[in-house]
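2 protein chains.
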Amino acid sequence: MAVYTHLGAEDLASLIGEYDVGALVSAKGIAEGVSNSNWLVETTGKDGTGARFILTMYERRIDLDELPFFLGLLDHLAAKGCPVPRTIHDRQNQASRMLGEKAVALIEFLPGVSLDQPEPAQARSVGAALAGIHLASADFGGTRANGLGPKGWHELADDCGDAGLGEIDPALPALVRDELAFLDASWPENLPHSVIHADLFPDNVLMLGDEVGGLIDFYFACNDITAYDLAVTHAAWSFDAQGAYLPAIAAALIAGYHAVRPLSPAERAALPVLARGACMRFLMTRAYDWLHTPADAMVTRKDPMDFARRLRFYAERGHGAFPFPGD
Amino acid sequence: MAVYTHLGAEDLASLIGEYDVGALVSAKGIAEGVSNSNWLVETTGKDGTGARFILTMYERRIDLDELPFFLGLLDHLAAKGCPVPRTIHDRQNQASRMLGEKAVALIEFLPGVSLDQPEPAQARSVGAALAGIHLASADFGGTRANGLGPKGWHELADDCGDAGLGEIDPALPALVRDELAFLDASWPENLPHSVIHADLFPDNVLMLGDEVGGLIDFYFACNDITAYDLAVTHAAWSFDAQGAYLPAIAAALIAGYHAVRPLSPAERAALPVLARGACMRFLMTRAYDWLHTPADAMVTRKDPMDFARRLRFYAERGHGAFPFPGD
Numbered sequence: 118m119a120v121y122t123h124l125g126a127e128d129l130a131s132l133i134g135e136y137d138v139g140a141l142v143s144a145k146g147i148a149e150g151v152s153n154s155n156w157l158v159e160t161t162g163k164d165g166t167g168a169r170f171i172l173t174m175y176e177r178r179i180d181l182d183e184l185p186f187f188l189g190l191l192d193h194l195a196a197k198g199c200p201v202p203r204t205i206h207d208r209q210n211q212a213s214r215m216l217g218e219k220a221v222a223l224i225e226f227l228p229g230v231s232l233d234q235p236e237p238a239q240a241r242s243v244g245a246a247l248a249g250i251h252l253a254s255a256d257f258g259g260t261r262a263n264g265l266g267p268k269g270w271h272e273l274a275d276d277c278g279d280a281g282l283g284e285i286d287p288a289l290p291a292l293v294r295d296e297l298a299f300l301d302a303s304w305p306e307n308l309p310h311s312v313i314h315a316d317l318f319p320d321n322v323l324m325l326g327d328e329v330g331g332l333i334d335f336y337f338a339c340n341d342i343t344a345y346d347l348a349v350t351h352a353a354w355s356f357d358a359q360g361a362y363l364p365a366i367a368a369a370l371i372a373g374y375h376a377v378r379p380l381s382p383a384e385r386a387a388l389p390v391l392a393r394g395a396c397m398r399f400l401m402t403r404a405y406d407w408l409h410t411p412a413d414a415m416v417t418r419k420d421p422m423d424f425a426r427r428l429r430f431y432a433e434r435g436h437g438a439f440p441f442p443g444d
Numbered sequence: 118m119a120v121y122t123h124l125g126a127e128d129l130a131s132l133i134g135e136y137d138v139g140a141l142v143s144a145k146g147i148a149e150g151v152s153n154s155n156w157l158v159e160t161t162g163k164d165g166t167g168a169r170f171i172l173t174m175y176e177r178r179i180d181l182d183e184l185p186f187f188l189g190l191l192d193h194l195a196a197k198g199c200p201v202p203r204t205i206h207d208r209q210n211q212a213s214r215m216l217g218e219k220a221v222a223l224i225e226f227l228p229g230v231s232l233d234q235p236e237p238a239q240a241r242s243v244g245a246a247l248a249g250i251h252l253a254s255a256d257f258g259g260t261r262a263n264g265l266g267p268k269g270w271h272e273l274a275d276d277c278g279d280a281g282l283g284e285i286d287p288a289l290p291a292l293v294r295d296e297l298a299f300l301d302a303s304w305p306e307n308l309p310h311s312v313i314h315a316d317l318f319p320d321n322v323l324m325l326g327d328e329v330g331g332l333i334d335f336y337f338a339c340n341d342i343t344a345y346d347l348a349v350t351h352a353a354w355s356f357d358a359q360g361a362y363l364p365a366i367a368a369a370l371i372a373g374y375h376a377v378r379p380l381s382p383a384e385r386a387a388l389p390v391l392a393r394g395a396c397m398r399f400l401m402t403r404a405y406d407w408l409h410t411p412a413d414a415m416v417t418r419k420d421p422m423d424f425a426r427r428l429r430f431y432a433e434r435g436h437g438a439f440p441f442p443g444d
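So the protein sequences, as listed, match chains A and B. When you number the first sequence by the working numbering, it's gap-free, plus one each residue, and the end is 444. When you number the second sequence by the working numbering, it's gap-free, plus one each residue, and the end is 444.
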C-alpha cells in the first residue's frame, strides 16, 4: 500500500503526452496496490472538460510477458459492457509503455467506494457482476495459468515448513497437512473453466450505492475452474471483521451469481471443496508473507489464521454455507 | 507517505454527511503527508455536478490545540485570495471534527502538480506567492511559536549527540557545534516577523504551468522572521538533485518575492545567515530522524548531509547566493 517510485511532474507530463488525453493537471500517488505504484491522474481531457485516469507502474511480482493478458482482458471485458476499467492506448496504440526500466499503463478511472461491510443487496450485485465477467470472457483469446492453485499451495506450504507454520499457530502444521491431503483427493477435475478474477475481495470492488461501479485489480486473473471464483468471493465476503459467518451475504452473493450464470449441479456440489481451496490459497500466501515480512516492517501483515478459521468453518458447515434460492 | 488508518466507505459516507457537500462518490487514500493520513474524496457536490476534497486525518506529531491555528490560517489566506486550500466547515460550522479518537478536516482540493526541478519562471511565481501569504497574514489573529528555531536546533543536536552525528558523518559534530555557535552569535533579532510557511519545498507547491495552483501543507507554519521563510524556500529550491547551486532559480525566486513584498536592506543583509539557519533546521530534523529510523524501515530516510553541504555553500558564498534584480 504505497507508491514505490518517485515520479516527478516533468516525467509525468511527458508520459501523459504520449496519450491523446489532454495535458496533465494533477497527479496524486494513491495508497493502493502491493505489487505496483498507482497515481490518480487528472488531465484537461481530449475536449478540455477534464478526465481522470489511474496510472499504474508495475514494480515487481508481475511478469511483463503477462501484461498483455491482464490489460487485454480489461479491454475485452469493458467492450462487452462489464464494469471494469478499460485501458487507454498510447499514440502507437499500445496498452502499456516502458518508463525507464518499468512498464506503465494508463487505465480508466472508475468512481465508487470499497465497502468494509456490504449489505445483501450489494453482495447480490457483486455476484451478478462476477458471473458477468465469466460469461464475457468466454471468447477472450488470452490464457494464463493459475500459479496459486493446488500445486502452488503445496509449494508455499513446503517453503513455510512445519516450523514456520508452527510459529504462526501450533495447530497450523497439522491443519495444512491434513487439508492439503483432503484437497488433493477431492479437487474437482471436470468442472467448466474460464478466466477468473481470483481475488475479488471487497477492496477490489467499487460500489455506487447498491450497484457495482467497477471490478478492479485483475492481476491474479487466470484460467481456472469458474465456480472456484465464486468460492473465493464467498470466502472473501461472507464473514464479518470478527470472522462470524454472514448467511444473508452468502445467500445474496450466490443468488446474484446464479441469476446471471446458473450453476450446474456439479458446480453446486463442488462449492464446499472449492471454498476450502480458496481458504487454503489465502492461508498459504498470508503465511508465506507473514514469515517473510519483518514484524517491525511498516506494512500490515494480514493474519493467516483468519483463513484457517474460515477453512474450518467450510469443512464443518459443508453445503450449509451455500444457500441457494429456493433451498 | 502512507495512509495510517483504515477508513471504510461506510465511515467515510457518514462523515461526509456531516458536511453540505453532497454524497460520497469516491475516495482514494493518497500517499502524502508524514504525520497525517489523506484521502482524495469525490462527492456529488452541492449542485450535483461533483466536487473534490482532501480529507486529512491527524495521526500524530500534531497538537490538536494547534489545529485552529493551521485551519484558521488557510481560511484567512484563502479569503484574501492566496492560492491555498480553504477548509470546508461542517454543518455546525466547525473546521475540524473528531472521528473516534482522531481529528479530521475536509479541505478544498486544488489542482496542480509538484515539480522536481522548476524552471525560473516557476520559481518566480513561487516567490511571489510566498510574499503574498506574508502580506495577507498580517491581520491574522492566530499565533504559533516556531518549535524548530534556534532553541529547537540546540535541543535536536543535544539529542543526537556527537556520537550520533559522527555516525552520520565524521565531520558532522564539529560542523554542527561551530555552526550553532555562529548562528547563536549572528541570528538577527530585529527583523520583521509574520506568519511563515516554514517548509515550502517543491512538494508543497502545486503548479499549473508557470503559475502557482496551490501552496499546501501548512503544518509547520508559525510566527517567525518573515525573511527566514524566503531563506528556507531558497535553500529548498535553489539546488538540483546532485546538490549543485542553481543561480537562475535563486534569482527568479528572490525577484518574484521582492516584486510583491520588497525586502528591506536589513532583511537582504540577513539572508545568508537566515539561509544557514534554514539549513541547520533541516540538517537537525533529518539527523534526528536518521538516528531514530531503523535502516530497514520501509520509509525513505532523507540524507541529512544534503543540508550540511548546502550550509557550507551558504557559508562560503555569502551574499553571492542571493542575486537581487539590478545587482
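It cannot be assumed that every hint is accurate.
Simulated crosslink set (DSS-like; lysine-lysine; CA at most 25 Å straight-line) [unchecked claim]:
| # | chain 1 | residue 1 | chain 2 | residue 2 |
| --- | --- | --- | --- | --- |
| 1 | B | K268 | B | K419 |
| 2 | A | K219 | B | K268 |
| 3 | A | K163 | A | K197 |
| 4 | A | K419 | B | K268 |
| 5 | A | K163 | A | K268 |
Not everything, but these chain A residues come out facing chain B in the computed CB check (under 8 Å) [said to hold, decoys possible]:
| # | residue |
| --- | --- |
| 6 | S143 |
| 7 | D233 |
| 8 | P237 |
| 9 | L252 |
Since the hints were derived computationally from the structure, they do not count as laboratory data. As the structure is a prediction and not an experimental result, all values here were calculated from the model. Here a beta-carbon is modelled for each residue, glycine too, at the ideal position from N, C-alpha and C.
These are the hints, each one checked on the structure:
1. B/K268 - B/K419: holds (22 Å)
2. A/K219 - B/K268: Measuring from Cα to Cα gives roughly 46 Å; hence the hint is violated.
3. A/K163 - A/K197: Answer holds: A/K163 to A/K197 is near 24 Å, not above 25 Å.
4. A/K419 - B/K268: Since the Cα atoms of A/K419 and B/K268 sit roughly 43 Å apart, the hinted pair is violated (cutoff 25 Å).
5. A/K163 - A/K268: violated (47 Å)
6. S143: At 4 Å from the nearest chain B Cβ, A/S143 passes the 8 Å test, so the hint holds.
7. D233: For A/D233, the interface hint holds, since the closest Cβ of chain B sits about 3 Å away, which is under 8 Å.
8. P237: Since the shortest Cβ distance to chain B is 15 Å, the answer is violated.
9. L252: Where the cut-off is 8 Å and the nearest Cβ of chain B is about 27 Å from A/L252, the hint is violated.
In summary, the numbered hints that this structure violates are 2, 4, 5, 8, 9.
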